[in-house]
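Trainee: Chains as they are written, first to last, in the working numbering: chain A, 71 to 419; chain B, 71 to 419; chain C, 71 to 419; chain D, 71 to 419.
No lab work stands behind these hints, which were simulated from the structure alone.
We put the CB at the ideal spot given by N, CA and C, even for glycine.
Any given hint might turn out to be false.
Stretch by stretch, here's where chain D covers chain C in the computed footprint (C-beta under 8 Å, at least three residues) [as the list claims (entries may be wrong)]: (1) 75-83; (2) 86-92; (3) 148-162; (4) 221-230.
Here are the simulated distance ranges between beta carbons [said to hold, decoys possible]: (5) D:R83 / A:A193: 49 to 55 Å; (6) B:S345 / A:G323: 54 to 60 Å; (7) D:H235 / A:N322: 45 to 51 Å; (8) B:S345 / D:A189: 34 to 40 Å; (9) C:A290 / D:P185: 48 to 54 Å; (10) D:E121 / A:A193: 31 to 37 Å; (11) A:K230 / D:H235: 39 to 45 Å; (12) C:F378 / D:E121: 41 to 47 Å; (13) A:R83 / D:A194: 56 to 62 Å.
Protein chains: 4
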Amino acid sequence: MFFASDNTSGVPRQILDAITQANEGAAPGYGADPIMEAVRDQLRDVFEAPEAEVFLVATGTAANALALATLTPPWGAIYCHPLSHIEVDECGAPEFYTNGAKLTLVPGADGKIAPEALADTLAASGRGVVHSVQPGALSLTNLTECGTRYSSDEIATLSKIARAHGLPVHLDGARFANALVAEGCSPAEMSWRAGVDALSLGGTKNGLMGVEAVILFDPARAWEFQLRRKRAGHLWSKHRFLSAQMHAWLENGLWRALASHANYMAARLESAIASETSRVYPRGGNMLFVRLSRAQHERLQAAGAQYFTSEEPPSGSGARDASTVARLVCSWNTTAEEIDAFATVLSGA
Amino acid sequence: MFFASDNTSGVPRQILDAITQANEGAAPGYGADPIMEAVRDQLRDVFEAPEAEVFLVATGTAANALALATLTPPWGAIYCHPLSHIEVDECGAPEFYTNGAKLTLVPGADGKIAPEALADTLAASGRGVVHSVQPGALSLTNLTECGTRYSSDEIATLSKIARAHGLPVHLDGARFANALVAEGCSPAEMSWRAGVDALSLGGTKNGLMGVEAVILFDPARAWEFQLRRKRAGHLWSKHRFLSAQMHAWLENGLWRALASHANYMAARLESAIASETSRVYPRGGNMLFVRLSRAQHERLQAAGAQYFTSEEPPSGSGARDASTVARLVCSWNTTAEEIDAFATVLSGA
Amino acid sequence: MFFASDNTSGVPRQILDAITQANEGAAPGYGADPIMEAVRDQLRDVFEAPEAEVFLVATGTAANALALATLTPPWGAIYCHPLSHIEVDECGAPEFYTNGAKLTLVPGADGKIAPEALADTLAASGRGVVHSVQPGALSLTNLTECGTRYSSDEIATLSKIARAHGLPVHLDGARFANALVAEGCSPAEMSWRAGVDALSLGGTKNGLMGVEAVILFDPARAWEFQLRRKRAGHLWSKHRFLSAQMHAWLENGLWRALASHANYMAARLESAIASETSRVYPRGGNMLFVRLSRAQHERLQAAGAQYFTSEEPPSGSGARDASTVARLVCSWNTTAEEIDAFATVLSGA
Amino acid sequence: MFFASDNTSGVPRQILDAITQANEGAAPGYGADPIMEAVRDQLRDVFEAPEAEVFLVATGTAANALALATLTPPWGAIYCHPLSHIEVDECGAPEFYTNGAKLTLVPGADGKIAPEALADTLAASGRGVVHSVQPGALSLTNLTECGTRYSSDEIATLSKIARAHGLPVHLDGARFANALVAEGCSPAEMSWRAGVDALSLGGTKNGLMGVEAVILFDPARAWEFQLRRKRAGHLWSKHRFLSAQMHAWLENGLWRALASHANYMAARLESAIASETSRVYPRGGNMLFVRLSRAQHERLQAAGAQYFTSEEPPSGSGARDASTVARLVCSWNTTAEEIDAFATVLSGA
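Take the sequences, apply the hints, and build the full model.
Mentor: Written out as C-alpha cells, the structure reads:
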C-alpha cells in the first residue's frame with residue numbers, strides 16, 4: 071500500500087530493456103548520441119512543434135530551474151502559486167539558478183492561480199520602476215501540488231494575461247502526462263497552443279529512473295540553455311542512458327499508458343473510499359487529498375499504508391478540525407489489490 | 071577502435087543487473103533508500119573513514135562544483151592547474167556554484183601542480199588584504215588531464231603546503247580508480263591520509279551510467295552539502311538507481327578490476343605503438359598522449375579510429391611541430407583486438 | 071511644501087563644514103582614516119557596545135543587503151514584512167547579495183510583523199528538511215514603511231521568537247533616529263538589548279549626503295562583512311568623506327536633534343490637518359499617511375505640494391474608497407511655514 | 071611627500087563649492103535631479119556621443135563590475151591583463167556582479183595586453199563548445215596599473231581583434247583623464263572611436279570625493295544597467311551630490327586641468343630623480359615605478375615619504391635584485407615643493 075509518491079515506484083520493464091539495448095557498443099557523449107536525435111524527433115512530432123528544442127536532465131528541479139533561469143533575468147519576478155513546487159520544495163533552486171529572481175506568490179483555490187489574482191498582481195508589478203523587481207515569467211504547474219488540474223483553456227487564459235504584460239510562460243509538468251490523459255487533449259493544446267514557452271516534461275514520476283525533458287517551443291535561447299545546463303553539471307557524458315529511457319517512454323504511447331493507469335487507479339481509490347472520507351480538492355489525475363478520521367488514520371498506519379499527511383489541509387481549502395489530511399498518490403504500477411486492501415483497512419470492516 | 075574517452079563506453083553487466091534488482095518494489099526517495107545505507111558503509115570501509123559522509127550525484131562536474139562550493143567562500147581563490155577539468159571543461163561550474171570564486175592557476179609540468187609554484191602563489195596570496203580574493207581551497211586532479219599521476223606522497227606534499235596556509239584540499243577523482251590501482255596504494259593513502267578533505271570519486275568514466283560519489287572526510291559541512299545538492303537539482307528522487315550502481319561497482323572490488331583492465335589496455339597500447347610514436351606525457355593510468363605523424367594520423371582516421379587530437383601538445387610539454395598529438399583513452403571494456411588493430415593501422419604494415 | 075521624502079532634503083551646515091575640514095591634507099584610504107577611528111569610538115559609546123564592529127557605506131540598500139548576506143546563507147529564508155523596504159523597494163538586492171535567499175513574508179497590521187504570525191511561520195519553516203529553504207534571519211524595520219514604530223519591547227518580543235529558532239536579527243534602521251527619539255529610549259535598548267545582531271543605521275534620510283553605518287553587535291563575522299563590502303564596490307577609497315559626515319552627525323547629538331525636528335514637524339502637520347483628514351496608520355515618527363478627498367488632493371497639487379500617493383492604502387489597512395492616500399514625510403529641515411501653508415491649502419480656507 | 075596614491079588627496083575648492091551650491095533646496099532623488107541632466111549633456115558633448123547613456127556611481131570597482139556584468143553573461147570570459155585592477159584589486163567584484171564569469175588573463179609587457187596574445191587567446195577560446203566558457207568581453211585599463219599608457223591606436227588595434235570575435239570592449243578609465251591629456255587626443259578618440267563600448271570614467275583619483283561615470287556608448291542595455299545599479303545598492307537617493315561633483319569637474323575643463331597638473335608633477339619627479347634611479351616602466355601619465363637602492367629607500371622612509379613598494383618589480387618587467395621598486399603617484403594637488411624635497415632626500419645630498 072504505497073501511496074507516498076509516484077517517485078517511490080521503480081520503472082517498467084520496457085525502460086530496463088531500453089537501457090540494456092542502449093548499452094551496446096560505444097556512443098558519443100554529451101547529447102550527441104543517435105538516440106537523442108530520435109527523441110528530438112519524437113517530441114517535436116508529439117508536440118506538433120517542428121522548431122522546438124529539446125534537452126534532457128535527470129531531475130525535475132533541474133528542469134524547472136534551468137528553464138526559469140533561461141526565461142527570467144536576475145531582477146525578474148517569477149509569478150507562481152504559494153503551494154507550487156518551485157516555491158515550496160526546491161530549496162530555493164530557482165533563486166540559485168536565476169541568481170536571485172523573486173518568486174512572487176499569486177493565490178488561487180485548489181493550488182491553481184486565479185486569473186484575477188494574476189491580473190491584479192501584474193497590474194501592480196512596478197514595471198519600469200527601477201526600485202522594483204521587473205516582471206520575469208509566469209510559472210504554472212499541471213497537475214498542481216494539490217492534485218488538481220488546469221484545463222488547456224485555463225492555461226490559455228492565464229498565459230494570455232501574462233503575454234499582455236510581455237511575460238513568457240513556464241509549465242512545470244512533473245505530472246504533465248497525468249494531466250494530459252485526464253484532460254484528453256493533445257500535448258500541443260496543453261502547452262504551446264495554450265501559450266506555454268517552456269515545458270518541464272516529467273518522466274521520473276511516471277516510470278523513468280530520473281529523466282525530464284525541457285522543451286523550448288521558442289528555440290531562440292536554446293544555446294543559452296545548453297550553456298546553463300553544462301555549467302550546472304546537468305549535461306550527462308553518457309547521455310544515451312537518458313535518451314534511451316525517454317525514447318522508450320514515448321514510443322507507442324507508453325507514457326500515456328502509464329499515466330492512464332495511475333489516473334485510473336486514483337479514480338478507483340477515490341471511488342472506493344468516497345463514502346467514508348471527505349475530499350479536500352477535486353481530483354485532477356493520479357493524486358488525491360482526503361480527510362481521514364483519527365481512527366482511520368491509525369488503522370492505516372498500523373497496516374503499513376504509506377502516505378504523507380498534514381494536520382491541516384494546505385492553505386486555501388478552508389476546513390480544519392482534528393482530522394488528518396492524507397495525500398494519496400497512485401503510480402504507473404499501483405495495483406487494484408493495493409487499493410482494495412487500503413479501502414478495506416480504512417473502512418475498518 | 072574507440073579511444074575518444076572512457077565515457078563513450080557503456081556499463082558492465084553487473085551494473086545492469088544491479089539496476090534491475092533495485093527496481094523491485096517501492097523504495098523511499100532522496101537518498102533514504104536502504105541501498106544507500108549500504109553504499110555509505112562500503113565507502114567508509116573502503117576508505118577506512120568511519121566518520122566520512124558520502125553523497126551521490128550523477129555527473130563529475132556536479133561533484134566537483136558542489137564540493138568546491140562547500141569548501142570555498144564566494145571570495146575565495148581555488149588553486150588549480152591551468153589544464154584542470156574545473157578550469158577548462160566545466161563551463162565555469164565552479165564559479166557558478168561558489169557564486170564567483172576565482173580559479174587561480176598554478177603551473178607545473180605534465181598537468182601536475184609544482185610544489186614550489188604552489189608555495190610561491192600562496193606566499194603572494196594577499197590573505198588579510200581586503201582588496202584580494204582570499205585563499206579558498208586547493209583542487210588537485212588524479213589522474214590528471216594529461217593522463218599523468220600524482221603519487222600519494224606528491225599529494226601529501228601539496229596538501230601540506232595548502233594546510234600550512236589554512237586551506238582545505240579537494241581531489242577531482244574522475245579517474246581516481248585508475249590512479250589508485252596504478253599507484254598500488256590504499257584509497258585512504260591517496261585521499262585523507264594525504265590531506266584530502268573532499269573527494270570526487272568518479273564512477274562514470276569507470277563503468278557506471280552517471281554516478282559519482284562525493285566523500286567528505288570532515289563531516290562538519292555535510293548538511294550544507296546536502297542543501298547545496300538539493301538546491302542545484304542534484305538530489306535524485308529515485309535515488310536507489312544511483313545507489314545500486316555504486317553498490318555493485320564497489321562490491322567485490324569491481325571498481326578496481328575495471329580500472330585495472332583499462333590501465334592494462336593502455337599499457338598494452340603504449341607498448342604496441344612505442345617504437346613508432348613519441349610519448350608526450352608519462353602515462354599514469356588508462357590514458358596516453360602520443361605524437362603522430364600526419365601519415366599515421368590519416369591512416370588511423372581512414373580506418374575509423376576515434377580519438378581527440380590537438381595540433382600542438384597542451385602547454386607545458388615543450389615540443390611542437392607539424393605532427394598531431396593524439397589523446398588515447400582506454401576503458402573498462404577496451405579489447406586487445408582493438409589495440410592490435412590500432413597498432414597495425416598506425417604502423418602502416 | 072516638500073513632503074515627498076526625507077531624502078529630497080540636503081544636509082545641514084555642520085555636515086558641509088565637516089567635509090570641508092576633512093578635505094585638508096592627505097589621508098589614508100579604505101577606512102584607515104583617523105576620523106573613522108573616532109566614528110567607531112562614537113558608535114561604540116553611543117550604543118554601549120564596546121565590542122561592536124562598525125562599517126560605513128553610502129546607501130541604505132547596500133547596508134541592508136550586505137548585513138543580510140553576512141547573516142544568511144544562500145539557502146536561507148529572510149523573514150520580513152510584505153511592505154518592508156527590502157521586499158518592495160530594493161529591486162531584489164537581498165537576493166542578489168545573498169546569492170538567492172528567499173524573502174518570506176510575515177504579515178501584521180500597520181507594517182509591523184505580528185508576533186503570532188512570526189511564530190506560526192517559523193513553526194512551519196521546514197528546518198532540517200532538505201527540500202525547504204532553511205530559516206536564515208529575521209529582518210525588522212524601524213520606523214516601518216507605514217511610518218509606524220516598534221517599541222523596544224516589541225522588537226524584543228520578535229527577537230525572542232527568532233532566537234528560539236536560532237535566527238539572528240537584522241534591523242533596517244533607515245529611520246532609526248526618528249524611531250529612537252520618538253520612543254525615548256537608548257540606542258542600546260532599541261538594538262542589541264532588544265536582540266538585534268546587525269543594525270543598518272541610516273544617516274541619509276536624516277541629514278547626510280549618503281552615509282549609513284552597519285553595526286555588527288556580534289563582531290565574529292566582521293571580516294566577512296569587509297570582504298563582501300569590498301567585493302560589492304562599497305568600500306570607498308576616499309573614505310574620510312563618509313567618516314567625516316558620520317562623525318559630525320553623531321557629535322553633540324546632532325543626529326537626535328535632526329530627527330527630533332523632523333518628528334516634531336510631523337506632529338505639527340498631523341495636528342494641523344487632523345480635523346480635515348483621516349489617519350491611515352498611527353504615526354511613529356516623521357512620516358504620516360492620511361486619506362485626502364479628491365478636492366483636497368487637487369488643491370494641494372495645484373499649489374505645488376509634493377508627496378506620494380496611492381489610490382488605495384497599502385494592504386492591511388482595511389478601508390478603500392475614492393479618496394487618495396497621501397504619504398507625508400517631514401525632514402530635518404521642514405519648516406513650520408511649509409506646514410502651515412500645506413494645512414491652509416488643504417483646508418481650502 | 072605623499073606619493074602613495076592619487077586617492078589619498080582630497081578635492082579642489084570647486085568641488086566643495088559645487089556641493090555647497092547643490093545643497094540648496096529640495097531635489098528629486100535617484101538621478102532625477104536637474105544637475106544630472108546637465109551632466110548627461112556635458113558628457114555627451116565632451117565625448118561627441120549624443121546617444122550615449124551616462125550613469126554615476128561612487129566607486130571605481132562598482133563602475134567596472136556593473137559595466138562588465140552588463141556586457142558579459144555569467145558563462146562569459148572577460149579578457150584582461152594579469153595585473154589589471156579587476157583581476158588583482160577588486161576582491162572578485164567582476165565575478166560577483168556577473169554571477170561567475172571567468173577572468174581570462176592575457177599577458178603583455180608593461181601592463182598592456184599584447185595584440186598577438188589576445189589574438190592567440192581568442193583563437194583558442196572554445197566558442198561554440200559547450201564545455202568552455204564563452205568569449206564575453208575585452209577589458210582594458212588606461213592608464214594601466216603599471217602607469218603606462220595605451221595610445222588610441224593601440225586601443226583600436228585590440229578592439230578590432232575583439233570585435234572580429236564578436237566581443238564588446240570595456241575600458242577601465244580610473245585614470246582616463248591622465249591618459250587623455252598625456253595622449254593629447256579627444257575623449258572620443260580614446261573611447262568609442264577606438265572601439266570602446268563601455269567606459270568607466272574615473273573622477274575619484276582625479277579630484278572627486280567618490281564619483282565615477284559609466285558611459286554606455288551603445289545605449290541598448292541602459293535599462294539593464296540601471297536595474298543592476300539599483301539592485302547593487304549603487305543608486306543614490308541624494309544623487310545630486312554625485313551630479314554636482316561631476317558637473318563641476320567637467321565644467322571649463324577642470325578635469326583636464328587637474329590631470330595635467332598631476333602628469334606634469336610626475337614628469338618633474340621623473341626628471342628630478344632620473345639620474346639616481348632606474349625606471350621600471352615607461353611613464354604614461356601621473357604614476358611612475360622606479361627602482362631604489364636600499365639606502366635611498368631607507369632615507370626616504372626616514373623622512374616620511376609615503377609610497378608603495380614591492381621587493382620585486384611586478385611580473386613582466388624582467389629585472390630583479392635586492393633593490394626596492396617604488397610606485398610613485400602624483401595627484402592634482404602634488405606640489406613642486408614635495409617633489410623637490412623627495413628628490414633631495416633620495417639623493418642623500
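Trainee: None of the hints should be skipped; say for each whether it holds.
Mentor: Tested hints:
1. Counting residues of the stretch 75-83 of chain C whose beta carbon lies closer than 8 Å to any beta carbon of chain D gives 6, which reaches the threshold of three, so the coverage claim holds.
2. Beta-carbon proximity to chain D at under 8 Å applies to 4 residues in the stretch 86-92 of chain C; the threshold of 3 is reached and the given coverage holds.
3. Here's how the stretch 148-162 of chain C fares: 3 of its residues keep a CB closer than 8 Å to some CB of chain D, so the rule of at least three is met and the hint holds.
4. Closer than 8 Å: that is the beta-carbon criterion, and the stretch 221-230 of chain C has 0 residues meeting it against chain D, so the requirement of 3 is violated.
5. Between D:R83 and A:A193 the beta carbon distance is about 51 Å. The supplied range of 49 to 55 Å therefore holds.
6. Against the hinted window of 54 to 60 Å, the Cβ-Cβ separation of B:S345 and A:G323 comes to about 58 Å, which satisfies the hint.
7. For the hinted restraint 45 to 51 Å between D:H235 and A:N322, the CB-CB distance of approximately 48 Å keeps it satisfied.
8. The hint said 34 to 40 Å for the Cβ distance between B:S345 and D:A189, and at roughly 39 Å that hint holds.
9. Take C:A290 and D:P185: their Cβ atoms lie about 49 Å apart, and the range 48 to 54 Å holds.
10. In this structure the supplied range 31 to 37 Å holds for D:E121 paired with A:A193, their Cβ-Cβ distance being about 33 Å.
11. Evaluation of the 39 to 45 Å hint for A:K230 and D:H235 yields a pass: the beta carbon distance comes to about 42 Å.
12. The given range of 41 to 47 Å is broken by C:F378 and D:E121, whose C-beta atoms sit roughly 32 Å from each other.
13. Range check, A:R83 to D:A194: about 48 Å between beta-carbon atoms, so the 56 to 62 Å window is missed.
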